[in-house]
Each structure stands twice: as C-alpha cells, then as structure tokens.
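Chemist: Construct the entire structure; sequences and hints are all you get.
2 protein chains.
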Amino acid sequence: MKKFNNTILETLPSRYRANLINSCTGYKSLNLIGTKSSNGQENVAIFNSIIHLGSNPALIGFTFRPLTVQRDTYRHIKETQCFTVNQVQHSFISKAHQTAAKYPTEISEFAATGLDTEYLDGHKAPFVKESTIKYSATYIREHFIAENGCVFIIGAIQNLYAPEAHIAPDGWINLTQAHAVAGIGIDGYAFGAKTTRFEYATPYKEPKIKP
Amino acid sequence: MKKFNNTILETLPSRYRANLINSCTGYKSLNLIGTKSSNGQENVAIFNSIIHLGSNPALIGFTFRPLTVQRDTYRHIKETQCFTVNQVQHSFISKAHQTAAKYPTEISEFAATGLDTEYLDGHKAPFVKESTIKYSATYIREHFIAENGCVFIIGAIQNLYAPEAHIAPDGWINLTQAHAVAGIGIDGYAFGAKTTRFEYATPYKEPKIKP
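Residue numbers (numbering that gives the first Met the number 0), protein chains in the order written: chain A, 0 to 210; chain B, 0 to 210.
Treat the hints as calculated values from the structure; they're not laboratory data.
Wrong hints could be hidden among the right ones.
Identical copies carry no separate label here, and so any pair may be met within one copy or between two of them.
Distance condition first, Cα-Cα at most 25 angstroms in a straight line; then the derived BS3-like pairs of lysine-lysine [to be verified]:
#1 Lys204 x Lys2
#2 Lys123 x Lys1
#3 Lys204 x Lys1
#4 Lys1 x Lys77
#5 Lys101 x Lys128
#6 Lys128 x Lys2
#7 Lys101 x Lys123
#8 Lys77 x Lys101
#9 Lys204 x Lys101
#10 Lys128 x Lys1
#11 Lys123 x Lys209
#12 Lys193 x Lys1
Modeler: The structure is reproduced here in structure tokens:
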C-alpha cells in the first residue's frame with residue numbers, strides 16, 4: 000500500500016499528481032457534449048465529469064476547468080442555452096478521445112474526428128449520431144468553485160433517447176450491454192464485462208441479487 | 000431507439016424515472032464514505048456521485064439528497080469536518096450495497112454489514128479496511144442546489160492510499176486491475192474487463208493507444 004500525504008501530493012510532478020488524483024475518485028462517466036454557437040459553428044468535446052443530480056426534475060451537473068482560456072463548449076452553451084449529451088460507446092472511443100485535441104474555434108470537432116452530427120426533434124444543438132444513449136439539455140445555472148476557478152454547470156434533460164433492447168422493464172439501462180465505456184483518470188477507457196443488480200437494501204436482511 | 004420527451008419523463012412512474020435518469024448519465028464512481036460523530040458514533044454509507052474537482056489542490060465533490068430527513072453522514076461531516084472515501088471493490092460489493100439500508104442512527108453500518116473499520120495516520124474518521132484505494136478528506140464548503148434541494152459538498156483530499164502494484168509509473172491507477180467497481184443507475188454494479196489508455200490528443204493526428 001503506497002501512501003501519499005497532502006504535503007507529498009503538493010510536491011509531486013503535476014502530470015503524475017493529475018493522473019493519481021483523477022484516478023483515485025473512481026470510475027467516471029464518459030460523454031460527448033455537442034453544441035452549436037449562435038452563428039452556426041458546431042462543436043463536440045469529451046467530458047468525464049457528468050453526474051446525475053436528480054430525477055424529478057431530471058437534472059445533471061458537470062464541471063468546466065477554469066475559464067481563463069476560451070472554452071467553446073461553455074461559450075456556445077451560454078449563447079444558446081442548449082447542448083446535447085451523448086454517451087461514449089466502444090465503437091467510437093478513439094474519435095471521442097480525439098475531440099479533446101485543441102482544434103481552433105472555427106474547426107468542428109465533428110468534421111475533424113469523423114463523428115457524425117444528427118439533429119433531433121428541433122433541438123438546436125447537434126447530437127452525435129454514433130451514440131445510442133443521449134439526451135438534449137438546457138442550461139439552468141452555474142456555481143463557481145472558488146477553490147480552483149472551476150465552474151459547475153447544472154442542466155435539465157429535455158428529450159432522452161436510448162436503445163429499447165437495453166432498457167430493463169423498470170427503466171434501468173444496461174450500459175454494459177449497450178457497450179458504453181467508463182473513464183479512468185484522464186486518458187483511460189474501461190469496458191464493462193459483467194453487471195449485477197441488487198434489490199433495495201433493507202436493514203438486517205441479506206442483500207439479494209436481482210434475477 | 001426509444002424516445003422519452005420531457006412531458007413523458009414527468010409522467011413516468013417515479014421508480015421507472017429514477018432508474019432511467021440515473022442510468023442515462025453513464026457509469027458512476029462507487030465509494031463508501033466513512034464518518035464518526037463528535038460523540039463517537041461510526042457510520043459508513045455508499046455514494047455514487049463522487050467526482051474529481053481538481054488536482055492542485057486535490058479536491059472532490061459529491062451530492063447529498065435533500066436534507067429533509069436526517070442524514071447521518073452529512074451531520075457527522077458538519078460536526079467534525081472529517082470523512083474518508085473508500086472505493087468499492089469486487090470482494091465486498093454486497094456489504095457496500097447493504098450500507099444503503101436505513102439503519103437507526105445509533106447502529107454502525109460497519110457492524111451491521113460486516114465491514115471493518117480502520118484508523119490511519121491520526122484521521123478522526125474511520126476507513127473501510129477492505130478497500131485498498133482510499134483517502135482521508137476534510138470538508139471545505141457546500142453549494143445548495145436550489146432546483147431540487149440537493150447539496151453539493153466540496154472536500155479536500157488529505158492522505159491518499161493506493162496499491163503500489165496498480166499505480167502506473169505516471170501516477171495513473173489501474174482501477175480495473177484493482178477490482179474497483181463502477182455503478183449503473185441506483186443498484187447496478189459493473190466490473191471492468193479491459194482498459195485502454197490513449198496518448199494526449201493532438202489536432203490532426205491519429206489518436207495513439209498507450210503501450
């Protein structure tokens with residue numbers, strides 16, 4: 000067991016520290032956020048910080064790193080209030096990873112990486128056609144993280160699309176069957192193998208696996 | 000492809016909606032948060048919302064559901080400013096799941112579920128002995144999510160412990176090798192099979208898999 004105390008953490012080389020701290024929090028969701036600026040510029044970028052914030056209303060949250068450099072996704076969301084969230088799946092992980100490259104603002108990462116746009120049900124922002132689990136969303140609010148300058152965005156889910164074959168009778172989506180990918184750290188992609196579900200936990204009863 | 004528009008989402012049975020919305024955001028980290036009240040009551044509970052917020056300083060964030068009912072973990076953190084975060088691993092998922100059961104405040108979920116406490120390096124809150132990837136943390140601040148009454152907590156990582164064998168030379172932790180588990184929805188546990196890492200993405204270059 001290796002131990003890093005907080006003095007050691009502060010003195011680690013920054014890339015080492017970033018890898019370590021980004022891994023120790025556990026697996027991450029991997030999603031592509033699609034946006035379109037008010038003058039029509041499309042953009043898509045990978046995010047590993049999207050979390051569930053609530054089901055009713057259906058809310059998500061995610062973070063932007065400090066806005067000290069231009070962040071096209073952020074600017075487009077603020078201009079249009081619209082974005083899409085598209086789960087990264089096995090068949091297009093290298094394209095999804097490549098959206099993280101720093102292309103100039105006037106370059107669409109869709110075109111640059113070979114991902115296809117798709118417009119659905121009148122939503123202004125483009126979806127990623129290759130992704131089968133995705134939703135349109137609108138900007139609700141942001142919280143400034145004073146400790147490091149990051150911004151935590153809250154969004155509301157509008158239209159949700161998912162493959163019928165992988166939705167359980169009770170609404171649960173089998174992400175592993177749908178070949179969705181989890182993130183580890185900054186650059187790791189993990190593919191699920193096996194999934195277990197448990198019944199609702201009740202005090203003093205053995206946890207039961209769902210059939 | 001099944002579509003749920005936001006009117007349909009609002010009218011779904013609440014359990015179905017909770018399963019669906021909790022799955023559509025992607026894989027989740029699964030961690031046990033260990034706490035101890037100011038009068039010595041130990042507590043451990045599973046959380047699937049912990050995210051990385053920053054590496055320097057090393058910060059994490061996670062959410063509590065509305066504080067309209069007593070939440071022992073929240074109360075202990077506010078009383079002592081201390082907690083531990085312990086990644087859920089394959090060997091103890093059913094015990095980890097069982098910590099979600101609503102035990103009375105005076106019952107330690109460690110004792111009730113058979114998880115072992117461990118105290119390390121003078122930190123006041125108990126660790127989960129069975130977990131090999133874990134850290135002590137201190138409370139920094141909270142943001143109230145006005146839209147649904149949830150609370151987003153920001154914590155600072157203090158001492159970090161991880162298995163040396165699964166830390167890559169550049170600091171990345173191979174969570175799959177360490178048998179860490181990802182969450183799907185509210186009650187799903189997914190085990191990684193294979194992991195791929197990519198080199199830093201550069202415009203106009205093919206993404207390269209790390210050797």
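Chemist: Please flag the earlier hints that this structure goes against, numbers listed from lowest up.
Modeler: 1, 3, 4, 11
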